Amino acid sequence: MNTRQQSKLIYSWYGKPVSSDRKLRTSQYKGIRITSESSRTETCIQLGDFVLVEGVNADHPYVAQLMDLYEDGAQHKRAVVQWFCRLEEIPQNKRKLLKREVSAQEVFFDQVLGYDTDIAAETIIKSIKVLPLHLGEELPLVALNKEQTFYVKQSWDGKCFKVLSPDTFSKLKEANKKRGVITNSSKAFIPSDSVTPVKKETESVVRSATKPKNVDMEIESKHSTSKSSLAKERHSQRVANNDIKTPTARKKLELNSPARSKGRLLGCEVLGLLDDDCDAIAPLEPSATKRKVKFTSEILGSPPKIPCSNDKSKSTSETEEHCHRFSDTVRLTPYTKIRDFSEKDKNLHGKDDSLSLVGYQRLSPDQSPVLTPRSRRTCAQKTSALIAEQISMLDQEDFLSGSDSSYSSSSEEEEDDDVPCTPEKKSKSSRKFSTPKSSRKPAVHTPAKTQKKTPLPGTPRTPRNATPEIPRRIQAAQEPASVLEEARLRLHVSAIPESLPCREEEFQDIYNFVESKLIDGTGGCMYISGVPGTGKTATVHEVIRCLQQAAENDELPPFQFVEINGMKLTDPHQAYVQILEFLTGQKVTATHAAVLLAKLFSTPGPKRKTTVLIVDELDLLWTRKQNVMYNLFDWPTQKHSKLIILAIANTMDLPERIMMNRVASRLGLTRMSFQPYTYKQLQQIISSRLKGVKAFEEDAVQLVSRKVAALSGDARRCLDICRRATEICEFARQKRTPEIVRMAHVTEAIDEMFSSPYVNAIRNASLHEQIFLKAILAEFRRAGVEEATVQQVYHHHVALCRMEGLQSPTVSEIMAICSRLGACRLLLVEASSKYLHMRVRLNLSQDDVMYALREE
Amino acid sequence: HRHLLELLKRTTVHGESNSALIIGPRGSGKTALLNHVLKDLREMKQVTENLLEVHLNGKLNIIDPTNDKVALKEITRQLQLENVVGDKVFGSFAENLAFLLEALRRGNRTSSCPILFVLDEFDLFVHHKNQTLLYNLFDISQSAQTPVTVIGLTCRQDVLELLEKRVKSRFSHRQIYLMNSFDFKQYIKIFKKQLSLPAEFPDETFAQKWNNNVQHLSEDKTVQDVLQNLFHHTKDLRSLHLLLMLAVSAVTVHHPLLTAADLQEASRQHRTDSKANIVHGLSVLEICLLIAMKHLNDVYDGEPFNFEMVYNEFQKFLQRKAHSIYDFEKPVVMKAFEHLLQLELVKPLERPSARAQREYLLMKLLLDSSQIMDALQVYPNCPTDVKQWAASSLSWL
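Each protein sequence line maps, in turn, to chains Z and U. Residue numbering for the first sequence follows full-length UniProt numbering, starting at 1 and increasing by one per position. Residue numbering for the second sequence follows full-length UniProt numbering, starting at 1 and increasing by one per position.
Mixed in with the good hints there might be a few duds.
Unchecked claim - In the DSS-like style, the derived pairs of lysine-lysine whose C-alpha atoms are separated by at most 25 Å in a straight line are:
id, chain 1, residue 1, chain 2, residue 2
1, Z, K587, U, K165
2, Z, K625, Z, K609
3, Z, K691, Z, K707
4, U, K165, Z, K834
5, Z, K625, U, K221
6, Z, K680, U, K165
7, U, K221, Z, K834
8, Z, K707, U, K165
9, U, K347, Z, K834
These are computed hints drawn from the structure, not numbers from a lab. Bear in mind the structure is a predicted one, so any value in this text is a computation, not a measurement.
Bound conformation, chain Z alone (with noise of 0.2 Å):
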């Protein structure tokens, strides 16, 4: 979607060159125009400008300021930023070093080097603001628009959060104050022992009223007239809300936002959304309580007339995309005055709290209004703002209980949330509230929250993304208790070592290669073989352990780290699926995940990191047109992916058996082979898994390595060998003391692993299927090849039956002897349709078969 609507954007100068250069062959501009071929619409970003900027999640752009704007050789468009960052940019394990809560609106001026501040003007979507707070300032409750506004208030550089330098914050301050302040009556209701932040806000709303003058007009007449019930004052606030976004973003809500609505909101919340929406206005009021109330009485009259033609569609957009992007509408302006209610109100607390629950219940017939506070609730669970809606709640609250209560409810709701200091109330609140419902869209981009939230008891739905997870067990786990039971649990294939040993040269090469990758910042391949069991997933795992370590010492420029497995993918196509959900959390089918990563791969994201993907099971991701594979090693070789592949398998010549030229051309030629376990890497294996337990003979150890480096060099093997060992040693141990696995029990346990069961099967088989095996080897002799029908064998049967004096059994006893041979995979039979003209053949030798039958 982001493509289709770019595409239709004109990008242009605003004025001309201020200064250039000519040996650079580079101009600089003072401001660049975005206009819109479709809605006409036209705005102008200046330097100094804060605007966001595309980045690898839709939802998520990246916020930056403006620095420098210029035209380089190639005609290109390019501008320089300052990077701000969100609280998701940051790396999950150094959020805890905030030691505060952040809303989604804070964002950090971030002083990351390494970061390309050199952007493609193309990637500005629309400007917005961003403004600078002190540290201990609460975030300012009058805010226009979640979507338009951030504050900042420390600053990032990679290790720890610092409190922004005076000079930085002027900065900052001047860009804001540049864009000019134009005072406006509102302004006059704000008491003035209010703190500084609120007077800002309220600034910033007159000033995005008054800013994008030209293109405000035009759209505030067409509404007026649209909606005539309104007060136009109200109404103009109302649309230079709208108006803050950038065509761009407008055009973008027209594009999505009726699917959307059509196919995740039902009609009625639309219509509630619709009538939030109105409410969030209304507080705009300077009068606030009393026209809150006939606002609200005069939409819930007349919930039909509103939507009407072109501003439907507008609003609707509007509310939907306030809703989805946690942001909420316009802020509350009586806040201050509310304030000075809070301090008296206080007793109230506990009556107005059960009647705002009350003025709910009675509500909940009454459809949209329940679900409009609903629905913004979430929202506000993860914001601090939790303001808005509890007016909007509260607006309905006074509607149903007069006007009389609403003052003192509206401030003890406002303390709750402002003031930290009943923390109790508000999490009661916001559980009470917090309906599956209204999470469900969110959780989508913050799995990891949702989680946390308790669903209602009695409530049918659950969060979409609710994580299963298996049941507790009651009882606690055992913990071992003698020395074979601790050497049992570790050696255990789950159990994770310290270290690999063995495998250092390669974890060298694999760390060494990353590493390189890593700080280069490009992309690459490498492919990795084994046989099964030689701990190639597990050193790379290593790998990227220590990597991530060192990344968070800051010795390595900081990677996602994504794996996906050949094996747990039901198609290989899948594999996109997973790939785009790791990165940016986005869920969609398999041809547009495929879509996106290529275009994520392969336009320079300004701020992306580099992505190391593990690739296990690589064979599997095999498909007849290989595009699966060619996708994925062509990634890495885009200049601006930044991605590192590990490409895992089994045989080392797959490049060469099943890929074609193109797409082994591309994997490169960076291979690495891990070589099967020698019988001395594998008793080192075992005893570093064993120290400081002593439970196994010195050459029980060395008689299990040695054995299964013969066979296979796996080390799995050798280690449920062992702890096959330990089991049998402690049942022999019941008769006696000692505690050690000894050569018998390994050899046991060997024998048990290995025997064929052939040999034993045949021996213990009735009299009758072992002279029917008797009878084909007869056969076999006879015709000279290794098959035969049943009526052949049959006749055989029948004359050693003879000679051995038996009664000889009918052709029914003979077809079940020979499938239950058949079952028991002795004999390779066909379908048994054929009967007596089925064919025969021996699954294991003549040979082994006669030493089978010769014993007995």
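With chain Z's structure known, arrange chain U on it following the hints.
Just chain U now, kept in the frame of chain Z:
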């Protein structure tokens, strides 16, 4: 038994992951063993609340035998994860798999409830595409996730060779072989035990009488012969049950005790040849056709024949005898031939196509000559000349 019990106990108590295969021929008591162990396990107090069981049968997936989809759904259902999922529509197969893996990945050794997967007819899971299910189950059992024990039941001795190498590597190679390794004495003991009435039988005097009778029976020579015969044929206990069932069903109020004759009769019924039985019900003409086919088989050494050849052979027989009793019209003979076809005593070599004429369709006889001869011996009112003809096709020359 003890091995398996230990294994499962460790899984539940210590949260250790394991995998094992129980291999043995049909009727060797694999499922019985597992059920027995599970019963013992459930009696242990520690275990009861701690174990989740998932039973899957390889036959489960009838419609699409190479897909894990149904199995996955079944796992989710049996783990009762679906109520976590709520009304979420289970979308694609891929989503399903990812969901389940995610669920299992979340657990760790000490805190999650161990799960026991029982895969009945394990060999059928091997044929699933890529062996995805097996790979993932074994992979979980080999990594530090939710403790899982995978137990496969199969009768195929070569099942390990069917596993893909990476799946095989993840399997722990614990195999428990079950064999019917008892000898005839034990077999008799089993027979006695199966037939005896339990102590809690209401009518005590009858129970005693019955049990005495069983004791006598087990020492009787004819009964031992019958059992020996069956034992030679198969050690499968199910067939013993079948035989006893047949015998016991002869018991009535007037005939309260089982006799050796009953057992013999049952054994006879048990052993009868199904195809030969069909021959007993055929008309003389059809028998004649069968004999003609048998001769053709003898002459051409098992080469396929068609109706014309059979008819020709039959005509030869008639000419020699110059009898008019069997002088049927050709369509009548054709009808009889088709009846044999329906009874599957003869079988066409290839599918009957519309173009080929029925008379020239190549056929094969599904009976052995000895079967025909045996059937003729007991066939009532068989004309002697037909019998003679059957004995030798060339005796007239």
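Now the hints, each set against the structure:
no.	hint	verdict
1	K587/Z x K165/U	33 Å, violated
2	K625/Z x K609/Z	31 Å, violated
3	K691/Z x K707/Z	22 Å, holds
4	K165/U x K834/Z	34 Å, violated
5	K625/Z x K221/U	72 Å, violated
6	K680/Z x K165/U	23 Å, holds
7	K221/U x K834/Z	39 Å, violated
8	K707/Z x K165/U	18 Å, holds
9	K347/U x K834/Z	8 Å, holds
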